[in-house]
Amino acid sequence: GAGVSQSPSNKVTEKGKDVELRCDPISGHTALYWYRQRLGQGLEFLIYFQGNSAPDKSGLPSDRFSAERTGESVSTLTIQRTQQEDSAVYLCASSLKITGRSEQYFGPGTRLTVT
Amino acid sequence: AQKITQTQPGMFVQEKEAVTLDCTYDTSDPSYGLFWYKQPSSGEMIFLIYQGSYDQQNATEGRYSLNFQKARKSANLVISASQLGDSAMYFCAMRPVNTGNQFYFGTGTSLTVIP
Numbered sequence: 001g002a003g004v005s006q007s008p009s010n011k012v013t014e015k016g017k018d019v020e021l022r023c024d025p026i027s028g029h030t031a032l033y034w035y036r037q038r039l040g041q042g043l044e045f046l047i048y049f050q051g052n053s054a055p056d057k058s059g060l061p062s063d064r065f066s067a068e069r070t071g072e073s074v075s076t077l078t079i080q081r082t083q084q085e086d087s088a089v090y091l092c093a094s095s096l097k098i099t100g101r102s103e104q105y106f107g108p109g110t111r112l113t114v115t
Numbered sequence: 116a117q118k119i120t121q122t123q124p125g126m127f128v129q130e131k132e133a134v135t136l137d138c139t140y141d142t143s144d145p146s147y148g149l150f151w152y153k154q155p156s157s158g159e160m161i162f163l164i165y166q167g168s169y170d171q172q173n174a175t176e177g178r179y180s181l182n183f184q185k186a187r188k189s190a191n192l193v194i195s196a197s198q199l200g201d202s203a204m205y206f207c208a209m210r211p212v213n214t215g216n217q218f219y220f221g222t223g224t225s226l227t228v229i230p
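Going down the list, the protein sequences come from chains A and B. Heads up, the first sequence is in this note's numbering, so the first residue is 1 and it goes up one at a time. Heads up, the second sequence is in this note's numbering, so the first residue is 116 and it goes up one at a time.
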């Protein structure tokens with residue numbers, strides 16, 4: 001695939017349920033980022049992975065949020081016991097390297113609606 | 116602390132005119148990258164232009180140029196010859212190289228091009 005892909009594109013869930021969001025980065029990209037974007041707002045950093053290093057989890061808003069990445073491939077963002085305030089678009093991005101000009105390539109996002 | 120500020124929530128420009136979108140940043144890291152992204156109503160984030168903190172010249176990419184004033188810590192985006200398709204949200208972002216490698220995003224500027 002040419003770009004970053006995310007699935008599902010839309011997810012509607014009931015309050016209290018767990019959800020898993022998936023991100024497939026561009027092949028060979030060592031860095032992977034997750035962001036949250038609430039309606040009409042900017043991007044809120046959640047977590048980033050760089051190769052096999054320990055992830056930077058400093059942006060995760062609560063212990064209900066977790067993410068995993070297998071090597072330099074797929075990542076999964078899990079939200080447990082979803083709340084209405086979790087409703088947002090969740091964007092994943094990957095980049096080739098983290099030094100110099102390493103722009104992020106974004107996926108189309110997953111729109112999460114918690115009812 | 117790292118911070119990106121975009122003070123213009125909304126801007127209007129006449130088609131074919133030039134427009135400047137403001138961005139100021141704050142970081143103690145001497146090495147950093149500055150990025151601009153475009154987000155159309157469809158939601159995808161599109162990379163536009165990059166400026167490195169040690170770059171001597173202002174970056175240009177087609178109709179986009181970055182007015183980098185390091186002493187003022189500003190990185191304004193200039194779009195020349197505006198087109199209707201330029202109507203979108205524009206986000207400024209910074210990535211400090213030596214302090215965590217997160218991307219820090221501003222709150223965005225909504226640009227509307229008037230025919």
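Simulated from the structure, these hints should not be mistaken for laboratory data. Built from N, CA and C at the ideal position, the CB exists for glycine as well. Some hints could be false.
[To be verified] One-sided and incomplete, this derived list gives chain B residues near chain A with beta-carbon spacing under 8 Å: (1) PHE150; (2) GLY158; (3) TYR165; (4) TYR169; (5) GLY221; (6) THR222; (7) VAL228.
Quick rundown of the hints versus the structure:
no.	hint	verdict
1	PHE150	6 Å, holds
2	GLY158	6 Å, holds
3	TYR165	5 Å, holds
4	TYR169	10 Å, violated
5	GLY221	6 Å, holds
6	THR222	4 Å, holds
7	VAL228	20 Å, violated
Hint check: violations occur at hints 4 and 7; the rest are consistent with the structure.
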